[in-house]
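Participant: Given only the sequences and the hints, what does the whole structure look like? Please build it.
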Amino acid sequence: MTRLNAAIPEGPLADKWTAYHSGCRLVSPGNKRKLDIIVVGTGLAGASAAASLGELGYNVKAFCYQDTPRRAHSIAAQGGINAAKNYPNDGDSVHRLFHDTVKGGDYRAREGNVYRLSEVSNQIIDLAVAQGVPFAREYGGLLANRSFGGAQVSRTFYARGQTGQQLLLGAYGALNRQIAAGTVRLFNRRDVLDTVLVEGKARGIIARNLVTGEIERHAAHAVVLASGGYGNVFYLSTNAMGSNVTPVWSAYRKGAMMANPSFTQIHPTCIPVHGDFQSKLTLMSESLRNDGRIWVPLHKKDVERLRKGEVKPSEIAESERDYYLERRYPAFGNLVPRDVASRAAKERCDAGYGVGRTGVAVYLDFADSIKRKGRDTIEALYGNLFDMYRQIVAEDPYESPMMIYPAVHYTMGGLWVDYELMTTVPGLYAIGECNFSDHGANRLGASALMQGLADGYFILPSTISRYLADEIHTPPIETSSPEFTLAAEAVGDRLKKLLNTKGTQSVENFHRRLGKIMWEYCGMSRNEEGLHKALELLAALKEEYRTGVKVPGGLDEFNPELEKAWRVADFIELGELMVQDALQRKESCGGHFREEYQTPEGEALRNDDEFAFVAVWESLMGDEPPAMHKEPLEFLDIKLSQRSYK
Amino acid sequence: MNFTLRIWRQKNAEAKGGMVSYSVSGVSADSSFFEMLDILNQQLVDEGAEPVCFDHDCREGICGTCSLYINGRPHGPVKGVTTCQLHMRSFADGETISIEPWRAKAFPIVRDLIVDRSALDRINQAGGYVSVNSGGVPDANSIPVRKADSDAAFDAAACIGCGACVAACANAAAMLFVGAKVSHLALLPQGKVEARERVLKMVECMDDLGFGGCSNTYACEAECPKGISVANIAMMNREFLSSAIRKEKSSPFTGGF
Amino acid sequence: MLLSSSIAGKVLMALAGLFLAVFLLVHLGINLLLLSSDGGRAFTAAAEFMATNPVIKIAEPVLFGGFLLHIFFGMMVSGQNRAARPVRYQESNSSETSFLSKYMFHTGIIVFLFLAMHLADFYLIKTGFIAPPEGIAQHDFYSRAMLLFSNRWYSFFYILSILVLGFHLNHAIQSAFQTLGLNHSRYTPALKLAGSAYAIVITVGFSLIPLWIAFIPLTRL
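In order, the protein sequence lines correspond to chains A, B and C. Residues in the first sequence are numbered consecutively from 1, following the working numbering. Residues in the second sequence are numbered consecutively from 647, following the working numbering. Residues in the third sequence are numbered consecutively from 904, following the working numbering.
Bear in mind the hints are in silico, worked out from the structure with no lab data behind them. We put the CB at the ideal spot given by N, CA and C, even for glycine. Hints are not guaranteed to be accurate.
Simulated pairs of lysine to aspartate or glutamate, EDC-like, Cα-Cα distance not exceeding 16 angstroms [stated by the list, open to error]:
hint, chain 1, residue 1, chain 2, residue 2
1, A, K550, B, E693
2, A, K502, B, E696
3, A, K502, B, E867
4, A, K502, A, E544
5, A, K630, A, E610
6, A, K300, A, E326
7, A, K254, A, E199
8, A, K550, B, E867
9, A, K371, A, E399
10, C, K1005, B, D795
11, A, K254, A, E624
12, A, K496, A, E214
13, B, K725, C, E999
14, B, K751, B, D854
15, B, K793, A, E138
16, A, K502, A, E543
17, A, K502, B, D854
18, A, K496, A, E576
19, A, K201, A, E483
20, B, K657, A, E557
21, A, K497, A, E543
22, A, K312, A, D387
23, A, K586, A, E624
24, A, K201, A, E543
25, A, K371, A, E326
26, A, K16, A, E119
27, B, K725, A, E214
28, B, K657, A, E315
29, A, K300, A, E310
30, B, K657, B, D692
31, A, K586, A, D556
32, A, K301, A, E315
33, A, K516, A, E576
34, A, K639, A, E111
35, A, K550, B, D854
36, A, K34, A, D387
Derived coverage of chain B by chain C (criterion: at least 3 residues anywhere in the stretch with Cβ under 8 angstroms from a Cβ of chain C; other residues may be distant) [stated by the list, open to error]:
hint, stretch
37, 683-691
38, 731-738
39, 756-764
40, 826-840
Facilitator: Structure, rendered in structure tokens:
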């Protein structure tokens, strides 16, 4: 259990980060030049980390599977980024942001980490503005804020519906500046397939050049994973097509432990599924819930008429509508946290009140807001989202309500890290969505951008120096060591094996089936029986994959099918771990909803006595099932209570 | 819906390529262009053939990965959308659709429909940023910015770096791409400080990479999925001229203005 | 640095182009004097003035310089642009662009050929490089013009060339302002209109002369 020491600094909550900072060991500028760091992924966390480490003077190698760092999926984040600036003077503070985030996460995150995140949040806004990020502004020239789900203050900074894009371009700019300065070398179109350990420390990676197929060895004094979330285990998600768990999974198999892997966020406002051949789901920003009202018909007869197209939604009388979020949660109404909103939508659809052709959708209606604020105001706030909806669904949301349904969006689980963001493997760090740290069992809107950038710009560049201070006498790591050779050969063998399986079904086919299993049994709600069933199905799928997958093309060429084949193999194994994690957590909390554990009103019922811990999974050799360790969560500042948004 | 596809196939950068015809059937009008290509690729994999390679990632119109020159237009026939947001309802049943990679000297082909657009990264590396470090910056509200300037900067910053402007341009020019970045930063007080050096460096880099010049046909603006205005090119020209002229007297003590 | 850049080349081309556009207006003004029924007195007087005035004498090489600069940079930019796309598309581009804006080089070549012919007909005779036709004095532009326009085919090609010049100018004016960095949400639409109006005035104005001569018998002039 000593391996799971989170190493939270002593002292009062509000002083921990300052105390850590002032006491942390440093590396002198002359020595930084001699130290190499690998950063995997160039999203908000990866790009900001690589840039900041480069600025400090380290030698950084940055890797991404995309053709350029700017494509990383952080770019798709729409709504905004939280900070405790309290510019609107509505009572916000660092402590309130911390409190809201811990409560929003249903009390399954560490106090120390979240408090630090809230403290750092303000610095992110300052830096982004200095970089030229065009946040929304008021006529007086100062920054504008809006409210977001799960909060009663307006603390969200935004750049229309493209906040992630603008923040990522800011980080990309900082990264480019370091590339030009020569402190960062970029390796694009690379899949990172393995983590290399030498004498127990992370010393490098094995990457495949996606254009030439070459297996490359890269060495460094420390490795930082910033490879994002694993929502694509569900096949259909709001993630990019290439988003994958592979770097994380390679680290897991080398000894880095996975924490709370079953904690998945299902986002309530996505465009509903339209057919079997669908490849991806599109998110409609949560900010829409500020002005949109969610409803389904009150009576089944209207549901029938709507599905048949006999009436238009606007023709359903006000008294015949069920604004179920406003009904169930009068205090927060349509602005309840994501997990609550998602489950409520599922509940209505399961009860037979869903609308749309498939009956798996609810309305998000802007008619009232358009009447109250005017079409122009609504257009200024959400114009690009409305256009996007119209393009995909071919219906005009200004005239007819949007149809939405929850979809997999974000994974709170990930590599276990301590206060310094180091995994259980010395010298291996995980930042951004790929670690587990700050969001507990449910992430609040506009917190992902905050966490990714906090980790990359401010936290990791400080904490990594504590580890590297001991490495200043380590010469550059050689890639010719047996550890690298072994890892590179293993990667080559596994690729060959995938190509030589010569089965009958495409990778896509397996991935789709995996997604169905995960969504059905380990999705928005879970139960013991279903989870056991999922384990059986996944074991069978894994076996079938081993012999039945068909991967065309060759090894030494651009081969997207081969890339997918590796990723899906990892996803299947991850799926098993997620199900096991969901199975052991005999409580409901945040996005993890076990049907057996709910309040009489159908809300998530936590069990703090037995489950106020982080479930940390360790991969064991051979066929051994993974072992679970517990990191107890202590709440000294916050009083645990039933989350109420009523 | 059924379609005949004429697709550019090319094994790698060195190989000789050519157009190959395929047919796909049973495509839903609601599916996206890429979902239609997914069906084709599934078909090809089932037949034991190699699927068509094309760039795509977010499939929600923001990452800028997707390309494709469809029936003579970058991102296809619908204005203001990327290929991934193009739906088959925009085509006629039975239509023959031609699909080519983007063509420019600065965009060499990687495979099939995939081109290497890292030239755009290199232009940004030449100066597409504000030179500040992570830390030691003033409070975000210490410098008010006129809302109109901030909005205009956003409009320019909305560029997704897909390169459709280059693909559409008769001269394979990257002026809209570079103009957008130059304007975005020159419009904000934070970016103005090094605006002169920035525009000179970025234009020099753009020229060195083999992009063509602008002949003001405005095909770039017509095809930009984010509707970025050619006014950004004018702004870049203006910035460039004033910077180039003032460059000679860069010291505040020798010039005067 | 300044001259080798793609933008600088374009700017010089635009400046030269705008200068030529002003010259065209002056030229048109003088040509329109042909239409007055004074048997060419006003026109000849103007031509005389242009031939002898010291300011114009100085302006002449500048004008040639302008042409050369415009043509030189036009060729250079066009060459660079062609090199920027060595492998062309199979399907020709169907992006929505303004009419003929993609064909500035092509219309430019036609205008250049016309200019060469025009120079041979007038300028080279004036300067004595080419002997004037039988019965016409070296400096008698009026008779020279009347003689040329009495040929229907010549007039036809003249009008055709002027039309191509019109298309060239229609895009050129607003294009030049764009290149010089003058694009404004409020003024640019007006500028585009003014550019088109200018192109129409030039085209109609120059075409009027051969038409007038063709349809109104010389005796009535």
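Participant: Are the Cα atoms of K16 (chain A) and E119 (chain A) separated by 16 angstroms or less?
Facilitator: Holds, because 11 angstroms separates the two Cα atoms, which is no more than 16 angstroms.
Participant: Take the C-alpha atoms of K751 (chain B) and D854 (chain B), compute the straight-line distance between them, and say whether it is at most 16 angstroms.
Facilitator: Answer holds: K751 (chain B) to D854 (chain B) is near 11 angstroms, not above 16 angstroms.
Participant: Are the Cα positions of K630 (chain A) and E610 (chain A) separated by 16 angstroms at most?
Facilitator: Between K630 (chain A) and E610 (chain A) the Cα gap is close to 11 angstroms, so the pair holds against 16 angstroms.
Participant: Starting from K502 (chain A), check that the Cα of E867 (chain B) is at most 16 angstroms away, please.
Facilitator: Violated, at roughly 47 angstroms.
Participant: Verify the proposed pairing of K550 (chain A) with E693 (chain B), using a straight-line Cα cut of 16 angstroms.
Facilitator: holds (11 angstroms)
Participant: When you check the alpha-carbon spacing of K586 (chain A) and E624 (chain A), does it fall within 16 angstroms?
Facilitator: The hint is violated at about 23 angstroms.
Participant: Take the C-alpha atoms of K371 (chain A) and E326 (chain A), compute the straight-line distance between them, and say whether it is at most 16 angstroms.
Facilitator: violated (19 angstroms)
Participant: Taking 16 angstroms as the top limit, are the C-alpha atoms of K502 (chain A) and E544 (chain A) close enough?
Facilitator: holds (12 angstroms)
Participant: Is K201 (chain A) close enough to E483 (chain A), meaning Cα to Cα at most 16 angstroms?
Facilitator: holds (11 angstroms)
Participant: Does K201 (chain A) pair with E543 (chain A) here, judged by a C-alpha cut-off of 16 angstroms?
Facilitator: violated (33 angstroms)
Participant: Please verify whether K34 (chain A) and D387 (chain A) have alpha carbons no more than 16 angstroms apart.
Facilitator: Violated: K34 (chain A) and D387 (chain A) sit about 51 angstroms apart, past 16 angstroms.
Participant: When you check the alpha-carbon spacing of K254 (chain A) and E624 (chain A), does it fall within 16 angstroms?
Facilitator: Status holds; Cα separation ~15 angstroms.
In summary, the structure is inconsistent with hints 3, 6, 8, 10, 17, 18, 22, 23, 24, 25, 27, 28, 30, 31, 35, 36, 37, 38, 39, 40 from the numbered list given earlier, while agreeing with the others.
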